[in-house]
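> Which chain is which? The protein sequence lines are F and D, in order. Our numbering applies: residue 1 is where the first sequence begins, and numbers increase by one. Our numbering applies: residue 1 is where the second sequence begins, and numbers increase by one.
Please keep in mind that the hints were generated in silico from the structure rather than gathered at the bench. Treat the hints with care, as some may be off.
Any copy, or any two copies together, can satisfy a pair, since identical chains are not distinguished.
As the list claims (entries may be wrong) - When the alpha-carbon atoms are kept at most 35 Å apart in a straight line, the in silico DSBU-like pairs for lysine-lysine are as follows:
1. K136 x K173
2. K96 x K60
3. K60 x K136
4. K198 x K136
5. K96 x K113
Values in this document were obtained by computation on a predicted structure and should not be read as measured data.
One-letter residues, chain by chain:
There are 2 protein chains.
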Amino acid sequence: MTQPGILIVLSGPSGAGKGTICRELLRNCPNLHYSISATTRQPRPGETDGSNYLFMSHDKFRGMINDNDFLEWAEVYDNYYGTPRTYVMDLLNSGKDVILEIDTQGALQVKNKFPQGVFIYIMPPSLDELANRIHKRGTETIEAIKNRLGCVRNELSYVNNYNYIVVNDEVSKAVARVQSIIDAEKCHVSRNSNLIDKIYNLCSQ
Amino acid sequence: MTQPGILIVLSGPSGAGKGTICRELLRNCPNLHYSISATTRQPRPGETDGSNYLFMSHDKFRGMINDNDFLEWAEVYDNYYGTPRTYVMDLLNSGKDVILEIDTQGALQVKNKFPQGVFIYIMPPSLDELANRIHKRGTETIEAIKNRLGCVRNELSYVNNYNYIVVNDEVSKAVARVQSIIDAEKCHVSRNSNLIDKIYNLCSQ
Numbered sequence: 001m002t003q004p005g006i007l008i009v010l011s012g013p014s015g016a017g018k019g020t021i022c023r024e025l026l027r028n029c030p031n032l033h034y035s036i037s038a039t040t041r042q043p044r045p046g047e048t049d050g051s052n053y054l055f056m057s058h059d060k061f062r063g064m065i066n067d068n069d070f071l072e073w074a075e076v077y078d079n080y081y082g083t084p085r086t087y088v089m090d091l092l093n094s095g096k097d098v099i100l101e102i103d104t105q106g107a108l109q110v111k112n113k114f115p116q117g118v119f120i121y122i123m124p125p126s127l128d129e130l131a132n133r134i135h136k137r138g139t140e141t142i143e144a145i146k147n148r149l150g151c152v153r154n155e156l157s158y159v160n161n162y163n164y165i166v167v168n169d170e171v172s173k174a175v176a177r178v179q180s181i182i183d184a185e186k187c188h189v190s191r192n193s194n195l196i197d198k199i200y201n202l203c204s205q
Numbered sequence: 001m002t003q004p005g006i007l008i009v010l011s012g013p014s015g016a017g018k019g020t021i022c023r024e025l026l027r028n029c030p031n032l033h034y035s036i037s038a039t040t041r042q043p044r045p046g047e048t049d050g051s052n053y054l055f056m057s058h059d060k061f062r063g064m065i066n067d068n069d070f071l072e073w074a075e076v077y078d079n080y081y082g083t084p085r086t087y088v089m090d091l092l093n094s095g096k097d098v099i100l101e102i103d104t105q106g107a108l109q110v111k112n113k114f115p116q117g118v119f120i121y122i123m124p125p126s127l128d129e130l131a132n133r134i135h136k137r138g139t140e141t142i143e144a145i146k147n148r149l150g151c152v153r154n155e156l157s158y159v160n161n162y163n164y165i166v167v168n169d170e171v172s173k174a175v176a177r178v179q180s181i182i183d184a185e186k187c188h189v190s191r192n193s194n195l196i197d198k199i200y201n202l203c204s205q
């Protein structure tokens, strides 16, 4: 019997570098799969269903919410975004690890529905650095950056709901830490009951 | 404020390869210290106090038992062996990681007194392999090996008291897994309250 995969949930303040860490992990770990979101928004040019997003109608999305078919979902500017439960479970049951990169509210929803996931909070090394990173993206005004920094404190109050905190002082180090967390979790006694039963039965022969 | 070190407790069936893994870890991890046992037995030629063992009288040892000064202790053939609590705590508080290689009974005693330790059960890949390893040491008769294998099942019933199980299929892989466990544990939210408080305070300024 295959050991089920692990669901890894990465979140943390905007600008902490979650996206970069996630891309590097996907490059390094062949068993790791990125969880695609479902959305009701229209595909943009070049986006294809099943590759960037699972595109669906408002009616279908609402039906899935009612059937508890999302690990987490949110409404943003009249459109829905969410993580379909079956999509993730099928990957996990086939032994693949799945990574979700979502905000704190989404992570809390996932934890509520799937507490055996591994919840990792990514933190920039300092608030100055966080401001720099957001600024470097060049898409935000100083005012917006200040606003975001103000939100960090609020977000931080959720950190105790996570299992791990990884400071993104250097991307390569942060990626190595997350990889260690995945490797360690695979050795966790609670994830190895099949193996333990097998050895126990061998001893009883 | 220094982040306290981590106490790593390695145990598992005799012949699982704990000693080899422990030596390799000590070679690879400069921050890792081997915990020396206290004993009442006489030093053998070449053994020095504080390097191989902390040698002490029966009276002193019994006094320390009464003062709850051992993380674990046992009496073996009229001599006492134990892990002095202060010795380990001083290392941990100075930020060093400490590794203990002890049997299941000792590990359970440590867990009772220091549950924030990391308890790792080392398992040989198969029972045949376990028999081979014990046999290769050349110090045991077939009868003794059978006896030991019979004890493995009993030992295994304690595995759920451990945090991690590491199968020693290849020494280098097993060592890498234990290293990942140490690195992951350093990122655990419960071990990073100082860091979290620091960031929280920075945000509040």
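> Against each hint, give a clear statement of whether it holds in the structure.
Against the structure, the hints come out as follows:
| no. | hint | result |
| --- | --- | --- |
| 1 | K136 x K173 | within (21 Å within a copy, 40 Å between copies) |
| 2 | K96 x K60 | within (27 Å within a copy, 55 Å between copies) |
| 3 | K60 x K136 | neither (38 Å within a copy, 64 Å between copies) |
| 4 | K198 x K136 | between (53 Å within a copy, 25 Å between copies) |
| 5 | K96 x K113 | within (19 Å within a copy, 38 Å between copies) |
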